[in-house]
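Q: Taking the hints into account, I'd like the entire structure generated from these sequences.
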Amino acid sequence: MSVYITSTGAFLPGPPIAIEEVEGVLGAVNGKPSSLRVQIQKANKIQTRHYAIDSNQQTTHSNTEMASNAASQCLDRAFVAKEGVGMLAVATTQGDHPAPGMASMVQAELGLADLEILTTHGICSSSMMALKAAWNSLRLDEHEAALVVSSELASRLLKKQRYEAATHSTFAEKRIDFNTEFLRWMLSDGAGALLLQNKPAPKGMSLRIDWMRGFSHAHAFPTCMSVGSAGRVEDTRTWQDYDSYAEAEIDGALLLRQDVRLLDNILRMGVDGYLRLVEEGVSKPLEVDHFLCHYSSHHFRDKILDLLDAAGVGIPEERWWTNLYTRGNTGAASLFIMLDEFLRTDEIEVKEGEKILCFVPESGRFNTTYMQLTVVKG
Amino acid sequence: MIEGGTPVASMDEGVDTMDLNPHAQVCLQHLLRAWLGFERDLSTVPLLRRIDLGTYTVEDHLCLLRNLRQQVIEGSRWITRAASSFDRHHAEIRSTIISHAVDEHRDYELLEQDYVASGGRIEDVQGMERNIGSEALHGYLMHRSSRPNPIDLLGAMWIIEGLGEKMARSWAERIQELTGLSEDSTRFMTYHGHNDSEHMLRFYQMLDEVCINDDAVASIVKTAKVVARLYRLQLEEVQHGFK
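Protein chains in written order, with this note's numbering: chain V, 1 to 378; chain F, 1 to 243.
No wet-lab data here; the hints were simulated from the structure.
Facing chain V, a subset of chain F residues (Cβ under 7 angstroms, in silico):
no.	residue
1	L32
2	R40
3	T44
4	T55
Quantities reported herein were computed from a predicted structural model and do not represent experimental measurements.
The C-beta atom is built at its ideal place from N, Cα and C for all residues, glycine as well.
A: Listed below in structure tokens is the structure:
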């Protein structure tokens, strides 16, 4: 059975925050401006982003609220009543509560009765996990419609108070701790939602899901992006192993870290997965009209792309599309926020029959996920 | 089997791109996967994982160099053997391989100097015999290079050259940083990063010339996969001493 994305929605909290305003919102740690901010922002090229905290680092929208706002917009635009939704799948890196799962909270906020729920836990690729489960549910004919929501509230992890409290962390020990600061200037907040149905919308464009695949390489690589340990190889404790949560925080076990040295591997594994799909005949590079990638093309300026071109399977840059530079890197929410704008933007004309390849890599422990969509008209 | 695509405009008009014939394109797709799988699996080799984790020591470095030396010496032997196995119809590739062998046949001396600069004794590195993996790798490469017109060895070069480039790109500086050793201890590694784009162009030219049917694709890719597995075996076996 074919399954279609028949409606989308997105929610970005607050006004767009420009590059030079970012530190004013997240706060200067111990009152000192970061010496790494400009360098990291220059590299990621994100011009504006959104935060669900204000300049006093007070939360303006909970993660549940953001998810619900995106979901409501998606349902408002849909040709099906919310009572027709049989499943709610919600993805996030960190919900408002460690327990219960965020889908319960979003369901309550939306007032959706008696439906099946799923919360996926991970980082960027958790959105694809939720989407795949919902897609499969419809393919099995268990539901006629499923709502998939992905929401991220990273700024609560990135505000100055987190770093100021970590007085015994690697961040405090070293004057410059690139790995601990890197994501501070990368990530921001937002939510996206997709409605899946077993038939296309009666009007406008729908996106048929042709296939979804994922390849995880956690068995081979160390952890690259994480929260929950102090970032020292010899210390195997995770945050709940400390006598108190306060001690975990002081030791830096609640800081978000990226092992920047390992980051190249996610691009390489991304290319490997893509070539595997080409080899299996699943993905046909010449048929790809649009390439939506959770990372931006300049991150991929690597020799390996020249190799893909030489091997005849490169995707020309004019087929890449992203809104990362204006909406920010919202982790798991990125692809859904991207799809929502892609279908509405005047920048390109999306035509019936066109194929869209989506790629969501997760550097956490190297998971790469892929999806192909075909544009159909109701 | 992979379908050949048509060449698309390069994102970055570098010197190291060229239009390959469709068989060579398909071969390159498979070679890329063989390489990426090899590179990923190297991360599981205990000695190399310590580079990733930041726990690599001077002793690890000495151990690595001791175990690499035999492969470097034998490397120049199979390359020259391969060159002599090509007939006059393969004169172009033979010339390329001969000049490559001339470039690298004394690399082991560089490696020995690195060993001494890292605090090791010259007699220890010179007295090291081939480890279990080096035996297998060397045996396989000598066997393949003794066959007439061994074009499949392009697959071996792809993996071994790729590793040289990886050493220069991501190991050398990191090893210095972790161990406090100087540039003099990693010159064998950094040396291989030089003229990388020139090497790639030369490789593409050879591939385009000899990879012209399905059999050629299959043999080149298979040899790449075998060499990748045996090279990893060599690196897995570094902890075993013989003397």
